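Engineer: Spelled out from the first residue to the last, the chains are:
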Amino acid sequence: MASPPSPASSSPSPVRTTAAPTASVATRVLGGLSLVMLAVTVLLALVITPADVVQGEAVRLMYAHLPTIWVAYGSFAAAAVASALYLWPRTRRRHWDRVAGATAEVGTVFTALCLATGMLWGRITWGVYWQWDARLTTTLLLFVVYLGYLAVRRLPAEPVVRSRRSAITALIAVVNIVIVRYSVDWWNTLHQKASLTATDPEITGEMLGALLFSLATFTVLASWLIVHRYRLIRLEELRDEEGLQRAITERRAEAGLGVAG
Amino acid sequence: MDSWGTILLGWTIVLVVPGLYGAWMVLRGRRLARELRLGEGDDDTGVRTAAGGDRDLRAEV
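Same order as they appear, the protein sequences are chains A and B.
Using this note's numbering, the first residue of the first sequence is number 1, and each one after it goes up by one.
Using this note's numbering, the first residue of the second sequence is number 1, and each one after it goes up by one.
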């Protein structure tokens, strides 16, 4: 129902938005599916699949480690695409900026998880938590670069300026994915080369099946997180806009300005 | 720490961290939504802001 315009404002009054929490039927479905798939994944990884011939039980961390970097790569690629769509004049909408922000943040969290699980896996197989080899170093660099991207998103600026800066940063940062991916081929590294390729996977049988299921599981989990993060960004924008509108309204009221008509 | 202890630690991290992150977002979303809803209606200056155009942000994703 329309209300009379605010007498303290000569410009159209702000349209209020009913703010709903980030949860919905869709997120509950995604969340429930994530929980079920995670339970199955843990069962497969820790109980059902056999130990590796070379690595023994340590291979069970593979089902957590590989999906985390898979999610990180996918998230950063999505952030880059969304950023490009934001920068392109015909598709410029704040929606794409929010998508970039949400996906990049989730990707950064999963990169941290990849580093953590990788260090633990390395402790068992190599005897050390860390080596400054190409794969580990470039992955750490990837993490730091995206922390920088998240910092750029928080720099005080006009929303349009901040979004544009963030979009350009995301397009530069995404190049790191290529460097990380091919680091094991370009340099001599302690880290093993890709064992999961489309044409000749080194992992077969139930281990391959469990790994692929794990990839699907973490993709669903990441989707749940991204939807929540996107909606949270939107709520934060609404809060900032409301705060600004209130401040303007109060200042105009104090100054006795803006009698309608 | 033996290998099974390390394996379980890794899996615990991978399950707990996203869970806490998701829980934080849900709780923060509820708080922000409550703050924004509480702001509806007359403000302290007696000026009533417009209350049209309800939009559910969940429909935007």
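Some hints could be false.
Here are the computed distance ranges between Cβ atoms for each label pair [stated by the list, open to error]:
| id | chain 1 | residue 1 | chain 2 | residue 2 | range |
| --- | --- | --- | --- | --- | --- |
| 1 | B | L8 | A | R162 | 35 to 43 Å |
| 2 | A | V144 | B | G5 | 23 to 31 Å |
| 3 | B | G5 | A | V175 | 32 to 40 Å |
Stretch by stretch, here's where chain B covers chain A in the computed footprint (C-beta under 8 Å, at least three residues) [to be verified]:
| id | stretch |
| --- | --- |
| 4 | 36 to 48 |
| 5 | 55 to 68 |
| 6 | 119 to 129 |
| 7 | 174 to 180 |
| 8 | 232 to 242 |
Please keep in mind that the hints were generated in silico from the structure rather than gathered at the bench.
Predicted model only: the values in this text are computed from it and were never measured.
Glycine residues also receive a C-beta, built at the ideal position from the N, C-alpha and C atoms.
Engineer: Has the stretch 55 to 68 of chain A got at least three residues whose CB is nearer than 8 Å to a CB belonging to chain B?
Structural biologist: Coverage by chain B holds here, the residue count being 8 at a Cβ distance below 8 Å.
Engineer: Closer than 8 Å, Cβ to Cβ, for at least three residues: run that test on the stretch 232 to 242 of chain A against chain B and report holds or violated.
Structural biologist: Coverage by chain B holds here, the residue count being 7 at a Cβ distance below 8 Å.
Engineer: Closer than 8 Å, Cβ to Cβ, for at least three residues: run that test on the stretch 119 to 129 of chain A against chain B and report holds or violated.
Structural biologist: Holds: 4 residues of the stretch 119 to 129 of chain A have a Cβ under 8 Å from chain B.
Engineer: Lying within 23 to 31 Å: is that true of the beta-carbon distance V144(A) to G5(B)?
Structural biologist: holds (29 Å)
Engineer: Note whether the CB distance of L8(B) and R162(A) lies within 35 to 43 Å or breaks it.
Structural biologist: Holds - the Cβ-Cβ distance for L8(B) and R162(A), about 42 Å, lies within 35 to 43 Å.
Engineer: Quick one: see if chain B covers the stretch 174 to 180 of chain A, three-plus residues with Cβ-Cβ under 8 Å.
Structural biologist: It is violated: at least three residues are needed, and the stretch 174 to 180 of chain A offers just 0 whose Cβ sits closer than 8 Å to chain B.
Engineer: Between the stretch 36 to 48 of chain A and chain B, are there enough contacts, at least three residues with CB-CB distance under 8 Å, for the coverage claim to hold?
Structural biologist: n = 4 at 8 Å, threshold three: holds.
Engineer: Are G5(B) and V175(A) spaced within 32 to 40 Å by their CB atoms?
Structural biologist: holds (38 Å)
The structure does not agree with numbered hint 7 stated previously, though it agrees with all others.
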